[in-house]
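J.: Heads up, the sequence shown is in the UniProt record's numbering, so the first residue is 1 and it goes up one at a time.
Derived from the structure by calculation, the hints contain no laboratory data. Hints are not guaranteed to be accurate.
To be verified - Cross-link-like lysine-lysine pairs, in silico, DSSO-like; alpha carbons within 30 Å at most:
{"no.": "1", "residue 1": "K331", "residue 2": "K490"}
{"no.": "2", "residue 1": "K370", "residue 2": "K477"}
{"no.": "3", "residue 1": "K268", "residue 2": "K450"}
{"no.": "4", "residue 1": "K304", "residue 2": "K331"}
{"no.": "5", "residue 1": "K354", "residue 2": "K331"}
{"no.": "6", "residue 1": "K331", "residue 2": "K318"}
{"no.": "7", "residue 1": "K432", "residue 2": "K450"}
{"no.": "8", "residue 1": "K337", "residue 2": "K477"}
{"no.": "9", "residue 1": "K450", "residue 2": "K304"}
{"no.": "10", "residue 1": "K344", "residue 2": "K390"}
{"no.": "11", "residue 1": "K506", "residue 2": "K432"}
{"no.": "12", "residue 1": "K337", "residue 2": "K390"}
{"no.": "13", "residue 1": "K415", "residue 2": "K477"}
{"no.": "14", "residue 1": "K322", "residue 2": "K432"}
{"no.": "15", "residue 1": "K272", "residue 2": "K344"}
{"no.": "16", "residue 1": "K344", "residue 2": "K304"}
{"no.": "17", "residue 1": "K318", "residue 2": "K304"}
{"no.": "18", "residue 1": "K390", "residue 2": "K354"}
{"no.": "19", "residue 1": "K370", "residue 2": "K304"}
{"no.": "20", "residue 1": "K415", "residue 2": "K344"}
{"no.": "21", "residue 1": "K415", "residue 2": "K490"}
{"no.": "22", "residue 1": "K337", "residue 2": "K318"}
{"no.": "23", "residue 1": "K268", "residue 2": "K337"}
{"no.": "24", "residue 1": "K344", "residue 2": "K268"}
{"no.": "25", "residue 1": "K477", "residue 2": "K490"}
{"no.": "26", "residue 1": "K370", "residue 2": "K268"}
Computed from a predicted model, the values in this text were never measured in an experiment.
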Amino acid sequence: MKYQTLLARSFSKHEQKKLGYWALLACLFIALSFFINFKPFMGPLSVLNLRLSTGEDEKLHIFYDDTDSSLQIAKETINSTSIVNDTGSSHEEAEIMSSALTVNDTDSSHGESEIRNMKTNDSSNPPQFVNEKDISMVNNTNSSLPEATDANAGTKNSTVEPPLCTFMGRSDFCEIKGDIRIDGSSYNVFIVSSEIDILAAKNTSWCIRPYARKGDQAAMGAVREWTGNHFHSFADIIVPLFFTSRPYNGDVQFLITNGLTAWISKFKTLMKALSRYQPISIDYRQDIHCYDSMTVGLIRRTSKELSIDPSNSPYSMKDFRKFLRSSYSLKRAMAIKIRNGSRKRPRLVIISRKRSRAFTNVGEIVSMAKRLGFRVVVAEPDADVSGFAKIINSCDVMMGVHGAGLTNMVFLPEKAVLVQVIPIGGTEWLSKTYFEEPAKDMNIRYLDYKIRVEESTLIHQYPADHVVLRDPSEIWKQGWSAVQSIYLSKQNVTLDVNRFRPTLVKALELLHQ
Numbered sequence: 001m002k003y004q005t006l007l008a009r010s011f012s013k014h015e016q017k018k019l020g021y022w023a024l025l026a027c028l029f030i031a032l033s034f035f036i037n038f039k040p041f042m043g044p045l046s047v048l049n050l051r052l053s054t055g056e057d058e059k060l061h062i063f064y065d066d067t068d069s070s071l072q073i074a075k076e077t078i079n080s081t082s083i084v085n086d087t088g089s090s091h092e093e094a095e096i097m098s099s100a101l102t103v104n105d106t107d108s109s110h111g112e113s114e115i116r117n118m119k120t121n122d123s124s125n126p127p128q129f130v131n132e133k134d135i136s137m138v139n140n141t142n143s144s145l146p147e148a149t150d151a152n153a154g155t156k157n158s159t160v161e162p163p164l165c166t167f168m169g170r171s172d173f174c175e176i177k178g179d180i181r182i183d184g185s186s187y188n189v190f191i192v193s194s195e196i197d198i199l200a201a202k203n204t205s206w207c208i209r210p211y212a213r214k215g216d217q218a219a220m221g222a223v224r225e226w227t228g229n230h231f232h233s234f235a236d237i238i239v240p241l242f243f244t245s246r247p248y249n250g251d252v253q254f255l256i257t258n259g260l261t262a263w264i265s266k267f268k269t270l271m272k273a274l275s276r277y278q279p280i281s282i283d284y285r286q287d288i289h290c291y292d293s294m295t296v297g298l299i300r301r302t303s304k305e306l307s308i309d310p311s312n313s314p315y316s317m318k319d320f321r322k323f324l325r326s327s328y329s330l331k332r333a334m335a336i337k338i339r340n341g342s343r344k345r346p347r348l349v350i351i352s353r354k355r356s357r358a359f360t361n362v363g364e365i366v367s368m369a370k371r372l373g374f375r376v377v378v379a380e381p382d383a384d385v386s387g388f389a390k391i392i393n394s395c396d397v398m399m400g401v402h403g404a405g406l407t408n409m410v411f412l413p414e415k416a417v418l419v420q421v422i423p424i425g426g427t428e429w430l431s432k433t434y435f436e437e438p439a440k441d442m443n444i445r446y447l448d449y450k451i452r453v454e455e456s457t458l459i460h461q462y463p464a465d466h467v468v469l470r471d472p473s474e475i476w477k478q479g480w481s482a483v484q485s486i487y488l489s490k491q492n493v494t495l496d497v498n499r500f501r502p503t504l505v506k507a508l509e510l511l512h513q
């Protein structure tokens with residue numbers, strides 16, 4: 001009452017009423033300020049921006065910036081693949097590509113278009129290894145995500161984890177979780193979050209190379225050509241792809257940008273075995289694809305070629321080869337074991353090509369092998385991987401020149417024998433690294449045969465005292481291009497069958513064990 005008396009003395013009744021109005025307006029203004037500052041942000045913030053560029057920079061850049069609230073991934077001049085897993089994303093069911101991306105062994109051109117792999121993984125079932133990948137994966141088994149204008153969109157994922165990037169000797173990868181929207185037409189990926197989350201984000205950036213042979217400068221300079229090679233298709237893409245996507249048991253989807261149609265066609269059987277969803281070519285689609293998580297990069301945990309290290313993973317090459325047998329309906333898991341008095345004859349397949357590193361006297365080799373007791377098949381690899389896999393799987397011994405189709409040993413039954421013919425040119429370390437060591441990891445017995453200069457067709461192209469024949473180490477000093485053009489591209493082999501005979505005899509002995 002005393003307060004009212006003092007107020008009445010200081011202000012007239014009209015002034016008191018006016019002061020009340022201003023106080024009410026001030027309260028409303030304060031309430032409105034709180035509402036504006038703390039309400040969820042409903043717009044499509046570009047927290048993550050995924051771009052594909054045809055520039056000369058061979059890196060994948062990821063920027064997390066609290067200044068413009070954006071996280072960018074710019075992939076430039078690199079082959080990569082996108083795997084996305086989704087059983088209930090909001091976009092329409094994607095059309096499958098009519099012809100798959102097939103890369104030829106030597107015919108693929110060196111262009112600027114790239115393959116991008118993305119995998120989507122359910123946030124309730126995160127990948128077992130969250131800090132090693134070299135492809136993009138997305139996995140989502142939820143019902144369709146709310147639109148950006150939905151009132152719950154900003155609060156659904158109240159905390160958005162920034163991408164986790166790992167840098168390894170052979171591969172880089174990043175894993176991103178949140179309410180992810182992928183706009184393939186603009187190569188953008190958006191994470192919808194609250195405004196508070198964005199403002200609290202740290203100013204961090206990553207730069208990765210999304211190819212599982214990033215340390216090899218020759219490979220990084222011609223990624224499309226290398227992935228067109230059968231060996232690199234398996235070593236750099238298929239084996240890492242298996243390792244990365246297998247934990248999701250098919251609940252993974254592949255998004256493809258700038259895809260090589262021939263490569264996808266060549267390996268479509270394996271892609272279907274790894275994902276129960278149709279791959280999506282997102283280059284020219286206008287719809288938005290929604291996922292809970294995405295991984296950029298493929299996991300490659302070992303520096304060994306054509307190998308999976310079982311000591312730090314739930315898988316091994318035995319699991320990978322079992323996957324191949326299941327995918328291609330290969331019947332034989334184990335090679336023949338010859339017993340004394342048995343009439344069974346082991347099958348020998350001779351990989352003979354019409355181009356480089358071919359055998360020039362296949363007929364003599366076949367005759368000698370038959371006299372030893374082999375049933376002989378002569379075959380040349382082609383784009384029909386399934387058909388050729390069945391031929392290889394039906395055999396107990398496979399022989400060929402280094403790098404001339406020997407990657408198909410992945411289809412051999414266990415305890416089969418691989419015979420690698422090593423040409424001249426100082427390629428012994430390549431032969432050991434690319435085929436001898438991987439063969440042992442696959443439980444395949446290994447033999448090799450080093451030819452003499454007289455067995456190389458290079459003797460018809462160079463004088464006997466030429467440095468090419470006399471000292472290959474001098475050619476190696478000129479670089480890989482010189483070695484490849486001479487010893488791998490121009491050289492064929494004329495086997496001395498009498499000198500080679502003991503090698504096949506040893507193969508027979510191994511099949512008795």
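J.: Is K477 within 30 Å of K490, Cα to Cα?
T.: Roughly 18 Å separates the two Cα atoms, so the pair holds.
J.: For a C-alpha distance cap of 30 Å, please report whether K370 and K268 respect it.
T.: Violated, because 37 Å separates the two Cα atoms, which is more than 30 Å.
J.: Given the proposed pairing of K322 with K432, does the C-alpha separation stay at or below 30 Å?
T.: 24 Å, holds
J.: Would the hint linking K370 and K304 be met if the CA-CA limit is 30 Å?
T.: 36 Å, violated
J.: Between K415 and K477, is the straight-line Cα distance small enough, at 30 Å or below?
T.: Violated, because 39 Å separates the two Cα atoms, which is more than 30 Å.
J.: Would the pair K344 and K304 pass a check requiring their Cα atoms to be no farther apart than 30 Å?
T.: 36 Å, violated
J.: Check whether the Cα positions of K354 and K331 lie no farther apart than 30 Å.
T.: 29 Å, holds
J.: Taking only the CA atoms, is the gap from K272 to K344 under or equal to 30 Å?
T.: 36 Å, violated
J.: Would the hint linking K318 and K304 be met if the CA-CA limit is 30 Å?
T.: 15 Å, holds
J.: Within a Cα-Cα threshold of 30 Å, do K370 and K477 meet the stated pairing?
T.: Violated, at about 42 Å.
J.: Hinted pair, alpha-carbon criterion (30 Å max): K415, K490. Please report holds or violated.
T.: Not OK: K415 and K490 at ~33 Å, beyond 30 Å, violated.
J.: Measure nothing beyond the straight line between the CA atoms of K331 and K318; if it is 30 Å or shorter, mark the hint as holding.
T.: 15 Å, holds
Checked against the numbered hints given earlier, this structure breaks hints 1, 2, 3, 8, 13, 15, 16, 19, 21, 23, 24, 26; the rest are met.
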